[in-house]
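**Student:** Sequence:
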Amino acid sequence: MNTQTIVTALSAVRAQKPLVLNITNYVVMNNTANGLLAVGASPIMAHSRDELAEMMAFSGALVVNIGTLDSVWIERMRFAVEQANQHGKPVVLDPVGCGASSLRTETSRRIAEAAECLIIRGNASEIIALAGAEAGSKANGKGVDSLDASEAAVDAARYLVQHYRCSVVISGETDVIITENSEFRLHNGHAMMPFVTGMGCTLSALTGAFAAVGETTGLAAAAVLGVAGEIAAEQSAGPGSLQLNLLDALYCLDAETLMQRLKLTSSG
Numbered sequence: 281m282n283t284q285t286i287v288t289a290l291s292a293v294r295a296q297k298p299l300v301l302n303i304t305n306y307v308v309m310n311n312t313a314n315g316l317l318a319v320g321a322s323p324i325m326a327h328s329r330d331e332l333a334e335m336m337a338f339s340g341a342l343v344v345n346i347g348t349l350d351s352v353w354i355e356r357m358r359f360a361v362e363q364a365n366q367h368g369k370p371v372v373l374d375p376v377g378c379g380a381s382s383l384r385t386e387t388s389r390r391i392a393e394a395a396e397c398l399i400i401r402g403n404a405s406e407i408i409a410l411a412g413a414e415a416g417s418k419a420n421g422k423g424v425d426s427l428d429a430s431e432a433a434v435d436a437a438r439y440l441v442q443h444y445r446c447s448v449v450i451s452g453e454t455d456v457i458i459t460e461n462s463e464f465r466l467h468n469g470h471a472m473m474p475f476v477t478g479m480g481c482t483l484s485a486l487t488g489a490f491a492a493v494g495e496t497t498g499l500a501a502a503a504v505l506g507v508a509g510e511i512a513a514e515q516s517a518g519p520g521s522l523q524l525n526l527l528d529a530l531y532c533l534d535a536e537t538l539m540q541r542l543k544l545t546s547s548g
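Using the working numbering, the first residue of the sequence shown is number 281, and each one after it goes up by one.
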């Protein structure tokens, strides 16, 4: 995948305005919905089992975010994944806080196992915890925050790609995107971004938008958010203004700016 492919994917999202169904946590619903709108997609937050089957039939992708997990939501998440499989829709799993509790870890693994077209987006500690002992490394997370650098999770991500036949996005200071055949590293973004809650969750939601138009590696979403985050940070005094400026940057991002600012390397 080259820069032009990322630009083309962004144009496709804006032209097609895909509907992205989110089963996501209470903390980030507003952030992720606004992020999807700003990039050109259409968000819907659906949590009732009574409507999930109907909605997955016409949604472009499903985003499952376990940030505020409970037993009722777990069953609904599983059902939504079943419906996504039935309709051939991609599933983005955000294993928020995976490793912080056995409930989060086990639920993440069950969702990953069930999804037939899967993209996993998490921070390094979440990715390492999701892979478990089989990947040969130990996570160093603190709740939903990562204490591991992205490179520390590369082997774990490679294991997940093979085990679940998926793509994996490790977000951090460097975003690492691993697919069955390639590895990409993005060096965009800004040090202020982790001080805004739900930034990773927004990336997961955007990943769903791009997956809905056929870009299922997770790379385009990470590239767009990273560049937009850089632009927003340059105009922001702190995290509060960054949240507002990020939406503007996503909305205004054009092909020329994206191509000029993108810092992308690949292998494989």
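Watch out, some of these pointers could steer you wrong.
Restraint-style ranges between C-beta atoms, simulated for each label pair [to be verified]:
#, residue 1, residue 2, range
1, E386, E431, 41 to 51 angstroms
2, F475, T537, 19 to 29 angstroms
3, E514, R438, 15 to 25 angstroms
4, H327, P519, 22 to 32 angstroms
Hint data in this document are derived by calculation from the structure and do not stem from the laboratory. We put the CB at the ideal spot given by N, CA and C, even for glycine.
**Student:** Each hint should be assessed against the structure and marked as holding or not.
**Tutor:** Consistency of the hints with the structure:
For the pair E386 and E431, the supplied restraint of 41 to 51 angstroms is violated, since their beta-carbon distance comes to about 27 angstroms. Checked against the hint of 19 to 29 angstroms, the C-beta distance between F475 and T537 comes to roughly 24 angstroms, which is consistent with it. Between E514 and R438, the C-beta spacing of about 34 angstroms breaks the proposed range 15 to 25 angstroms. Checked against the given bound of 22 to 32 angstroms, the beta carbons of H327 and P519, roughly 28 angstroms apart, stay inside it.
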